[in-house]
Amino acid sequence: MKQLSTLGRRRQAQRRKLFWTVTRLLLGLALLAFFAIAGYESGRSENAHLLERQAQELSEADVTKLELMEQLATVEDRAARLESQLQSLRLDYAANVPPADFKPLLTLLQARVRAGVDRERLAFVIEQAGRERNCLAAVETRRLPMRTPVTTVLDNAVVFADRRITVSGEGRPARDADGQPLDWFDPGGPVTLRFLTITGELSRAAGRLPLVHSVILDDREWHFQATASREPGYVEITGQSCAYP
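For the sequence shown, the working numbering assigns the number 8 to the initial residue and increments by one for each residue that follows.
Incorrect hints may appear among the rest.
Derived lysine to aspartate or glutamate pairs resembling EDC-like cross-links, with alpha carbons at most 20 Å apart [unchecked claim]:
1) Lys72 to Glu90
2) Lys72 to Asp84
3) Lys110 to Asp99
None of these hints come from the bench; they were simulated from the model.
All chains, please: the whole structure from these sequences, using the hints.
Take a look at the structure:
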């Protein structure tokens with residue numbers, strides 16, 4: 008009986024041990040399942056949050072892209088308008104600003120207008136400029152003594168057109184080998200010629216020889232050409248009378 012009682016207690020202890028072993032195993036499995044499920048749910052929630060954030064970022068990127076495209080379209084439209092305005096300015100400049108080789112002529116025209124010459128007369132003269140001149144065959148030539156700051160010449164004027172046009176002139180003095188000024192002008196330097204009509208109109212021609220100049224007197228136009236004379240101190244001036252206009 009005693010042996011049976013001991014055997015029963017042993018079996019009972021083994022059953023308890025097995026029970027607790029199985030219980031601990033089940034608890035462990037339950038815990039593992041709990042943590043697995045919790046991790047899965049946490050990961051799924053995090054993934055869902057990540058996907059939501061990515062979707063939001065993509066939406067914001069689409070909005071930004073759309074705004075940039077609108078800005079680009081605005082800039083391109085503005086650039087096109089500016090290019091059109093620039094082309095219009097170029098055409099306007101080309102139509103209203105004369106070429107550089109016309110500038111001396113415009114300067115001369117402005118000087119004549121400021122001097123009181125009638126604009127219609129100037130326009131008529133320009134219109135007639137391309138026509139063949141009707142000039143006298145005979146020419147008048149005078150030898151003009153040029154005045155300088157150191158010269159003692161008093162009478163340095165010559166006349167044309169029956170003494171109705173007076174021409175005078177001056178230049179800078181020529182110099183010797185030592186640099187000392189001589190008593191005549193330097194034919195290679197700048198000179199100034201003055202043309203005075205009997206009506207009181209004064210005009211000038213300045214620069215280096217040879218020089219050309221025109222003077223209008225009544226119904227005639229006198230064309231003058233000035234060149235350096237072979238004799239020191241003098242300028243050869245030739246005048247020819249032509250019909251005007």
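Quick rundown of the hints versus the structure:
Restraint check for Lys72 and Glu90: not satisfied, since their Cα atoms lie roughly 26 Å apart, outside the 20 Å limit. In summary, the hint linking Lys72 to Asp84 is supported, as the alpha carbons are separated by about 18 Å, within the 20 Å threshold. Only pairs whose Cα atoms come within 20 Å are accepted, and Lys110 paired with Asp99 is accepted, the gap being roughly 18 Å.
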